[in-house]
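Protein chains in written order, with my numbering: chain S, 1 to 228; chain A, 1 to 430; chain U, 1 to 592.
No wet-lab data here; the hints were simulated from the structure. None of the values given here were measured: they were computed from a predicted structure. Ideal Cβ positions, reconstructed from N, Cα and C, are used throughout, including at glycine. Among the hints, erroneous ones may be present.
Stated by the list, open to error - Derived pair list, reagent style BS3-like, types lysine-lysine, alpha-carbon separation capped at 30 Å:
#, chain 1, residue 1, chain 2, residue 2
1, U, Lys494, S, Lys208
2, S, Lys115, S, Lys191
3, U, Lys204, S, Lys169
4, S, Lys99, S, Lys131
5, U, Lys204, S, Lys208
6, U, Lys358, S, Lys191
7, S, Lys169, S, Lys141
8, S, Lys66, S, Lys208
9, S, Lys208, U, Lys428
10, S, Lys154, S, Lys165
11, S, Lys66, U, Lys507
12, U, Lys460, S, Lys191
13, S, Lys99, S, Lys165
14, U, Lys421, S, Lys191
15, U, Lys480, S, Lys146
16, S, Lys165, S, Lys191
17, A, Lys153, S, Lys22
18, S, Lys191, S, Lys38
19, S, Lys99, U, Lys358
20, S, Lys127, S, Lys169
21, U, Lys507, S, Lys208
22, U, Lys503, S, Lys99
23, A, Lys153, S, Lys208
24, A, Lys319, S, Lys191
25, S, Lys127, S, Lys146
26, U, Lys460, U, Lys480
27, S, Lys146, U, Lys421
28, S, Lys131, U, Lys480
29, U, Lys480, U, Lys494
30, A, Lys420, S, Lys22
31, S, Lys165, U, Lys488
32, U, Lys428, S, Lys169
33, S, Lys154, U, Lys421
34, S, Lys127, S, Lys191
35, S, Lys141, S, Lys38
36, U, Lys576, U, Lys358
37, U, Lys428, S, Lys165
To be verified - If you want the ones that stay clear, here's a sample from chain A, every Cβ over 12 Å from chain S, calculated:
#, residue
38, Val148
39, Ser185
40, Ser245
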Amino acid sequence: MWLLLSSSAARAALIRGGIPWKPGAGDPPEAVTPGGWKYFTPQEALTVEAFVDRLIPADELSPGGKDCGCAVFIDRQLAGPYGRFAGYYMSGPFQEGTKQQGPQSPVTPAQQYRKALAALDTDCRGKYSGKAFTGLSDEQKDTVIKGLEDGSLKLDGVDSASFFKLILKDTQNGFLADPIYGGNKDMASWKMIGFPGAHYDYSAWIDKHNQQVTLPPIGINNHPNWSQ
Amino acid sequence: MPDESKILRQLASALVLGAALSLPVSANLSALAASIDKQDFTQIQHGRYLTVVGDCAACHTLPGSGHDFAGGRSIETPFGNLIAPNITPDPQTGIGAWTDDEFVNALTKGTGRHGERLYPAMPYTYYTRVTRDDALAIRAYLNTVPAVRNPLKSDQLPFPLDMRVSIAVWDKLFFEPESFDPDQSKSAQWNRGAYLTEGLGHCGMCHTPKNALGADDSGKALQGYALQGWFAPNITNDPRRGLGSWSVDQIASYLKTGHNSTAAGNGLMAETINLSTSQMSDDDLKAIATYLKDRPGDRNGQPGEPQNTPAAPDQGKMKIGAQIYADECSGCHRGDGKGTPGLFPALSDTPAVQQTDPTTLVHIVLRGGLSVGTQEAPTAAAMPAFAWVLDDDQVAALLTYIRNAWGNAAPAVSASAVGKERAALVERSD
Amino acid sequence: MARKLPRKDVAIIGLGWTGSILADELTDAGLNVVALERGPWRDTATDFPISYAQDELRYRIQHELFLRNSQMSVTFRNNVNQTALPVRTWGAFMLGNGAGGAGVHWNAETWRFLPTDFTLKSHLTQRYGVSFLPNDMTIQDWGVTFADLEPHYDEFEYLCGTSGQAGNLNGEIQAGGNPFEGPRSRPYPTPPQKQGYGHTLFAKAAEELGYKPFPQPSGNLSQAYTNPLGVRLGKCTYCGFCEWFGCANYSKASPQTTVLPVLLRKSNFEGRTECEVTRINLDNTGKRATGVTYVDTSGEEFEQPADLVLLCAFSLFNVQLLLLSGIGTPYDPQTGQGQIGRNFTHQVMSSALGFFDKDKYNFNPFVASGAIGMCIDEFNGDNFDHSSLGFVGGGYIGQVQTNGRPIETTAVPPGTPAWGKEWKQALKDNYLSTINSGGACHASFYSYRDNYLSLDPTYKDRFGRPLVRLTIDFHDNEIKMSNFLTDKYAEILKQMGAKQIVKQPRKGPYDVTAYQTSHLNGGAIMGDKPGNSALNRYLQSWDVPNLFVMGASAFPQNAGYNPTGTVGALAYWAAKAIRSQYLTNPGPLVHA
């Protein structure tokens with residue numbers, strides 16, 4: 001029925017007469033396609049790839065963070081609303097409060113990454129004979145990361161501890177989110193832990209206590225079980 | 001001495017017509033036939049009801065305009081779009097200046113005020129069976145709706161179809177005015193149903209296949225027809241493709257509420273249910289159902305149409321379709337295809353998914369669909385659009401599966417057919 | 001200058017649960033009703049369809065269905081000695097928006113409060129003596145009783161099709177239900193949901209310890225159901241994408257799935273979305289509402305005159321609008337004077353992680369619904385003797401784990417590195433065999449003199465109006481209570497066979513970044529006289545009789561249950577009073 005009318009009197013979206021509906025309506029997620037970087041510079045991308053590969057190393061449990069697409073995930077997120085604090089309350093005055101009052105900085109995630117990655121490379125070059133983070137050995141990278149984590153390594157002009165929390169969270173989100181966002185390639189993390197993914201109908205399974213659910217893992221737009 | 005048999009026939013007609021209404025049944029019906037009594041509210045009420053049965057508003061009322069019957073709605077035909085005229089009593093732009101005879105002729109003979117031919121988008125090929133009394137009742141009612149000044153040009157079709165004289169040719173080939181002849185061997189209820197279905201109900205307008213010139217393909221009555229991006233289904237009594245598996249009550253419930261235990265009205269039929277059948281009397285709906293249930297199946301078929309169970313579909317396609325179904329569909333329609341009565345239609349053992357033409361299925365899968373909400377069944381659950389997540393091959397596999405699982409049997413769906421329809425639907429805003 | 005629109009009988013601010021119920025009731029009474037909703041229209045097939053509703057990143061992590069802080073936020077401080085700062089993105093609570101409000105994405109846990117919850121002050125004073133209560137605790141009786149509300153709890157449950165097992169039918173205790181619940185007049189409309197392995201094991205262990213477990217009352221339906229309005233709901237499929245998400249198969253009770261299909265068909269109802277009400281207008285006596293002013297997306301202001309105004313905007317925003325509109329007197333915590341903003345409460349939540357042997361236990365945590373679970377009520381309200389415990393209050397305890405979503409619900413044992421190979425291994429080893437029920441201990445939050453709502457002096461919304469300021473912290477009473485309940489839950493986990501238990505009791509100070517339900521209450525409380533409340537027992541404003549204020553802002557304190565059942569019951573209770581008393585004789589319904 002013809003329901004979303006604009007009344008010139010009130011110029012609102014008027015809802016009356018029945019349920020508003022349009023054919024083909026919906027806002028499905030846009031699939032991230034790898035290839036190119038939308039936010040990171042080439043050097044930043046290399047640094048983040050190296051970083052995520054240490055946070056999630058390749059082993060028999062799963063591919064590493066880079067091959068899982070975690071850097072691609074972070075890049076696309078930073079290029080989008082997440083990266084710019086879209087939807088946040090961004091009016092001033094900005095002042096730090098207590099821990100319980102939550103983050104108050106106007107520095108967006110995208111800005112944080114830019115600053116921190118630059119500071120990280122500066123710091124590494126200073127400590128490791130001119131080598132950037134990407135040039136370090138795995139052990140050295142882990143040392144650097146642990147330093148960020150425990151606060152012993154302070155990057156210049158950057159809240160290192162909060163940057164570490166940020167990149168750790170983003171990396172793990174990319175690892176565990178639906179593959180449509182660029183990470184968790186081929187549902188690697190879900191296969192690792194035993195999460196069947198984007199199924200909606202478990203009615204056949206609620207009574208099967210302590211039994212493995214044998215549904216094939218699927219994502220929102222990732223259905224290997226649909227091919228022969 | 002009046003002709004007794006004539007009176008008996010007139011009585012029979014009156015009974016048929018007045019079955020649901022409290023019209024005075026008198027042996028002398030000529031008083032009603034001669035004129036319209038402005039104080040006869042019964043006639044006006046009767047006329048209003050008949051405009052609901054005939055669903056005049058569907059064409060003649062522009063949705064959202066607030067001006068009933070003032071025309072202006074674009075009517076899609078296979079040959080182009082027409083604008084439905086203004087049938088309010090406005091003397092200049094409506095039918096206020098028409099005589100009653102001119103009105104009756106328009107309805108039943110397809111002729112305009114000056115004898116010009118109406119496009120058969122106006123279903124006079126069906127309304128021809130409407131009795132003069134009923135036509136006059138409609139006229140009486142239309143006389144009472146607010147007169148709206150709405151100057152419109154109806155002709156929108158390309159040359160040479162914009163020349164009304166071309167319709168005379170069409171009429172000659174395909175139209176013969178007739179009146180409704182009750183079948184004396186059948187019940188009054190059956191005859192009432194026949195009168196409604198073949199007359200004001202004009203069901204065949206959508207449900208009967210058409211020939212290349214847009215006329216009913218007689219001999220295939222009610223076997224289904226593709227129009228405006230949908231396929232109006234087969235409503236013969238075929239047990240698989242038609243209403244054979246539905247009872248009279250299920251048909252009546254569907255028409256009244258938009259739902260029965262297995263089906264949900266959708267698409268173009270949703271509007272018909274909302275504007276027309278949901279507001280008809282229970283007796284009339286039962287009559288229509290009774291008549292439809294007494295129709296033959298479609299066993300005669302047409303060349304190429306399967307006579308018996310269609311060929312078994314490709315098993316690989318069925319396997320893929322089953323997976324897609326499990327992931328995207330079973331959350332509502334359930335693994336066994338039984339759906340939820342009154343909410344999600346059943347897919348197993350139902351005619352909707354076994355039509356020879358899968359247009360409606362493809363349409364709903366690609367674009368979603370809002371099921372009809374009525375007073376009795378207000379929920380109006382909607383199916384979401386899957387065009388973004390299913391490509392043509394996947395839609396084809398899914399529908400082939402649905403059409404052949406759980407004991408269903410219907411021709412497979414091809415990816416190319418899906419692709420064609422997907423492209424065509426992109427052009428449609430409705 | 002606001003453009004004045006044609007008058008309506010009723011203007012409703014907000015089209016969530018209470019707005020939808022009241023709109024339906026009053027249109028039935030023949031009134032012309034307009035509902036103004038600042039968020040968008042949304043509905044199942046177009047906004048949370050089965051092909052992409054199950055997106056943890058979008059809906060659980062990035063909160064797509066919730067109110068954007070850029071549209072409206074709040075400020076927060078623990079006490080008056082701090083400067084309140086904006087909540088720049090939601091943390092401790094997530095606020096709804098759009099048609100259906102939070103009803104779209106709630107868990108659907110549908111509880112009733114205990115009879116003693118409504119007469120809390122009298123009851124506790126009688127049992128333990130007034131000096132047993134902290135002297136800055138400001139709890140009070142509601143002015144209505146459980147018996148008053150019982151028929152309306154029933155109405156809300158039958159609207160929703162709530163799935164449950166009655167525990168007390170007209171005074172007779174029923175096996176398998178909650179033996180502590182107040183007497184109900186008839187069974188739940190549908191049977192309880194099925195339970196998963198972890199939930200079932202919890203019930204078994206609880207029984208072994210002498211408790212009486214029962215299934216949580218659930219608005220995720222166990223079977224298809226047609227409600228009294230004729231609207232049909234479907235059967236829940238345990239998808240595990242329930243709370244924070246919209247339901248794709250019509251099986252979660254929401255305004256969309258229970259009321260709106262009927263409401264929208266009525267010619268005397270009109271909804272206007274993306275219209276934000278900026279104030280309730282009063283006449284020059286200040287005692288009568290003349291309507292509301294709102295702004296649509298063009299930025300233009302409109303005045304909507306109405307004879308009756310219903311404030312259904314959620315507790316915090318109800319209070320904000322009252323303060324911004326100059327209705328009632330703002331509460332001053334120093335003097336204790338003023339009713340608007342006082343007795344602000346939240347919910348005291350705690351849990352414990354239970355790690356089990358992965359070779360013996362597979363809980364399939366992803367097979368669940370938002371209100372699944374087995375619970376015990378022995379430690380709720382005053383169901384147990386507090387004499388020697390040093391606190392009052394309590395909550396239900398249950399294995400109510402709703403999901404196995406990978407980002408949210410992958411717990412690792414303490415000491416596990418936060419990243420690297422060991423982290424991955426721990427994730428894998430524990431995912432299927434951990435009980436991680438965030439809502440396990442769901443306890444009361446009583447009211448205090450220094451927890452209140454007010455207008456912020458500094459931070460403004462996009463129209464330049466002050467944000468509402470939350471001043472709130474935990475008191476010793478709630479911390480003690482939380483420790484007690486968490487210990488009880490841990491005992492049950494132990495009885496279940498957990499090899500490692502990590503207790504997570506609620507700790508102060510109140511942290512606005514840590515999610516602990518969105519059950520914010522109080523600020524415009526109901527009571528028996530204007531001196532102790534903002535609203536009378538029918539939720540009618542003492543100050544402006546043609547204004548009624550719905551929702552949990554009316555709660556004088558919070559009980560140990562999810563509030564929505566009580567919010568729904570109060571909505572029906574108020575609707576009845578409006579229809580049967582107010583409409584025939586507009587004016588104050590209670591003369592105090």
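Failing hints, ascending?
Checked against the structure, the hints that fail are numbers 2, 3, 4, 8, 11, 12, 15, 19, 21, 23, 26, 28, 31, 34 and 36, while the rest are satisfied.
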